[in-house]
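**Student:** Okay, here's what each chain looks like letter by letter:
There are 2 protein chains.
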Amino acid sequence: MVHFTDRLIAAIRRCGSPVLVGLDPRRDSLPEPLRPRDTGDVWAWAQAYQQFCCGLIDVIAPLVAVIKPQMAFFEHLGPAGMTALAQVVRYGRQHGLLVILDGKRNDIGSTATAYAEAYLGPAPPSSWGADALTVSPYLGDDSLEPFVQTAQARGAGIFVLVKTSNPGGKRFQDLRVDGGPLYAEVGRLVESLAVRTVGQGGYGAVGAVVGATYPAQLAELRTSLPHCWFLVPGYGAQGAAAADVAGAFDAQGLGAIVNSSRAIIFAHDRPEYRQTYGPRRWQEAVEAATRAMIAELRAATPAGQLPRD
Amino acid sequence: MVHFTDRLIAAIRRCGSPVLVGLDPRRDSLPEPLRPRDTGDVWAWAQAYQQFCCGLIDVIAPLVAVIKPQMAFFEHLGPAGMTALAQVVRYGRQHGLLVILDGKRNDIGSTATAYAEAYLGPAPPSSWGADALTVSPYLGDDSLEPFVQTAQARGAGIFVLVKTSNPGGKRFQDLRVDGGPLYAEVGRLVESLAVRTVGQGGYGAVGAVVGATYPAQLAELRTSLPHCWFLVPGYGAQGAAAADVAGAFDAQGLGAIVNSSRAIIFAHDRPEYRQTYGPRRWQEAVEAATRAMIAELRAATPAGQLPRD
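Protein chains in written order, with my numbering: chain A, 1169 to 1477; chain B, 1169 to 1477.
Worth flagging that the hints you see were computed from the coordinates, not collected in a lab.
Just so you know, not all the hints are guaranteed correct.
Since copy identity is lost for identical chains, a pair holds within one copy or between any two.
[What the hints assert, rightly or not] With a straight-line Cα cutoff of 20 Å, these simulated SDA-like cross-link-like pairs (lysine to any residue) come out:
id: 1; residue 1: Lys1338; residue 2: Ala1387
id: 2; residue 1: Lys1338; residue 2: Gly1323
id: 3; residue 1: Lys1338; residue 2: Ala1384
id: 4; residue 1: Lys1338; residue 2: Ser1392
id: 5; residue 1: Lys1338; residue 2: Asp1226
id: 6; residue 1: Lys1338; residue 2: Pro1349
id: 7; residue 1: Lys1338; residue 2: Leu1357
id: 8; residue 1: Lys1338; residue 2: Gly1277
id: 9; residue 1: Lys1338; residue 2: Val1170
id: 10; residue 1: Lys1338; residue 2: Arg1390
Because the structure is a prediction, the values reported are computed rather than measured.
With these hints in hand, go ahead and build the complete structure from the sequences.
**Tutor:** Set out below in structure tokens:
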């Protein structure tokens, strides 16, 4: 079984880019041609979400290595949405993409084991078939253990919230504990789990979520967590630019994947693409926005060292 | 629309007990007569989970006020499990129970809104129809805001993780920040949200998860968070007893609900009930265990002040 980060490195090298596309379907933003006629029918919406996400995958699979479906938007539609999500995960994997489910799950003891077994692993017995899952750290070290063990056993990974991209993240994450911020203390635990689970490429099965909206802390964490792969949100719609994520990478341009959701998947509605493409040609807008982000990261970060496709 | 905690108080007064039963279906623990013949069929397992949980509800609905389905075990079965979960929530509410979904969700911005809208509210447009949801605090104050607003608008509630019952919870929760532990700082935020959302009974729509396994901290938090209803895990299988939860209640025996999961739902397999009932008479074991816990709490806590049924 190939280690998660070694599969990740191979996929990133293959497409020459660390771009990660977040699949965040939202009713109000869906391109008009995809919206169901009966807007009160939750199964019709779930079908629309699935069609939208599979249409996204068709466009981006040749360009990027990883997708990150945001579970909340599928859960919003109840069991219908969860049924669509399972199809989206499967479709993504069939198209050669690695799939990170963004669920920010966690619990204690055998409940944490249930989450880990549910989501981790690209093949059965994993019910969902994801390559990785985002995980919340507040419950402490024993809550992470079942995720670490299941990830190791199944060639999967987890990304633990360390320093999140939202303004209010600092409310607890930046509190001083033992002379440093809480996020650094969480980072220390995550690094220790990464060291225990390291793959051939030098990165552990346990990575960290670190927001692009705090570039100084991102660069500082790159140094202090050398075995943690970073999942970096905050690019694009949340305001961070390529220069802000430069510090997330190692010297080879590896060690991080940079997420963009709205700015890519709803590109048809961005001022720079609206005139040219509009809602009917939404997939062309997605391709243009994806290529633009790839070029931005190549120009301004060590990811420019990656071979080009 | 009646405030969540006022509905909670009415339900607790009606049955005279603060007992909350956690619905944690696990394959290996399910009473033998309920296990599917084809143990590889995930839809058959989901059907078994639904049958088990509805059978639990049949027994406990006359005795307790609240159930707490643990989402992880349903998610473990993929979309099939989620379909069963929706039926269990509906069945519980049809039988007059309040339903707290234990999902420990959270995210930022519009994603947090999606979770809140998905789960909160006993009626449509909530997809899941729960009265309350457990929520994780690491993402900070702005991440909680959409839950607070949606809960207020829909007569629902949330329970934020403050001091959890697991041994490793102290890894971060007990770190010293500004002269006190982190959990007290999280508690301060939760109390401020409770004060903003208070119902007629004096409790806010925002409550706190505080483990029974730390009785001193539980009593201390009761004093410092006077407007927060407590959801108290850790009773029974996790080792806490009635005396440990006494400090969770106010003088009227209100302000807390005490969860037991395994010790009730799998009572047929406990040494004290196995001989008498066994797997075929599992529902009678559930009733006996529920009545025993109700009596224990009445004898040793201020919940003994509640009117008896």
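**Student:** For each hint, tell me whether it holds in the structure or not.
**Tutor:** Okay, the hints, checked on the actual structure:
1. When the C-alpha separation of Lys1338 and Ala1387 is checked against a cutoff of 20 Å, the pair qualifies only within one copy, where the shortest distance is 17 Å, while the shortest distance between copies is 28 Å.
2. Taking CA atoms no more than 20 Å apart as the test, Lys1338 paired with Gly1323 passes in neither setting, with 33 Å inside one copy and 29 Å between copies.
3. For the identical chains of this complex, Lys1338 and Ala1384 are intra-copy neighbours only, at 14 Å inside a copy versus 29 Å across copies, given an alpha-carbon limit of 20 Å.
4. In this assembly of identical chains, the alpha carbons of Lys1338 and Ser1392 lie at most 20 Å apart only when taken from the same copy (19 Å versus 23 Å across copies).
5. Proximity of Lys1338 and Asp1226 under a CA criterion of 20 Å is satisfied in neither setting, with 37 Å inside one chain copy and 46 Å between copies.
6. When the C-alpha separation of Lys1338 and Pro1349 is checked against a cutoff of 20 Å, the pair qualifies both within a copy, at 9 Å, and between copies, at 17 Å.
7. Both within a single protomer and between protomers do Lys1338 and Leu1357 lie at most 20 Å apart by alpha-carbon distance, with minima of 19 Å and 13 Å respectively.
8. Taking the shortest alpha-carbon separations for Lys1338 and Gly1277, only the inter-copy value of 15 Å comes in at or below 20 Å, while the best intra-copy value is 28 Å.
9. Proximity of Lys1338 and Val1170 under a CA criterion of 20 Å is satisfied in neither setting, with 36 Å inside one chain copy and 34 Å between copies.
10. Only within a single protomer do Lys1338 and Arg1390 lie at most 20 Å apart by alpha-carbon distance; the minimum there is 19 Å, versus 26 Å between protomers.
In this structure, the earlier hints numbered 2, 5, 9 are contradicted, and the remaining ones agree with it.
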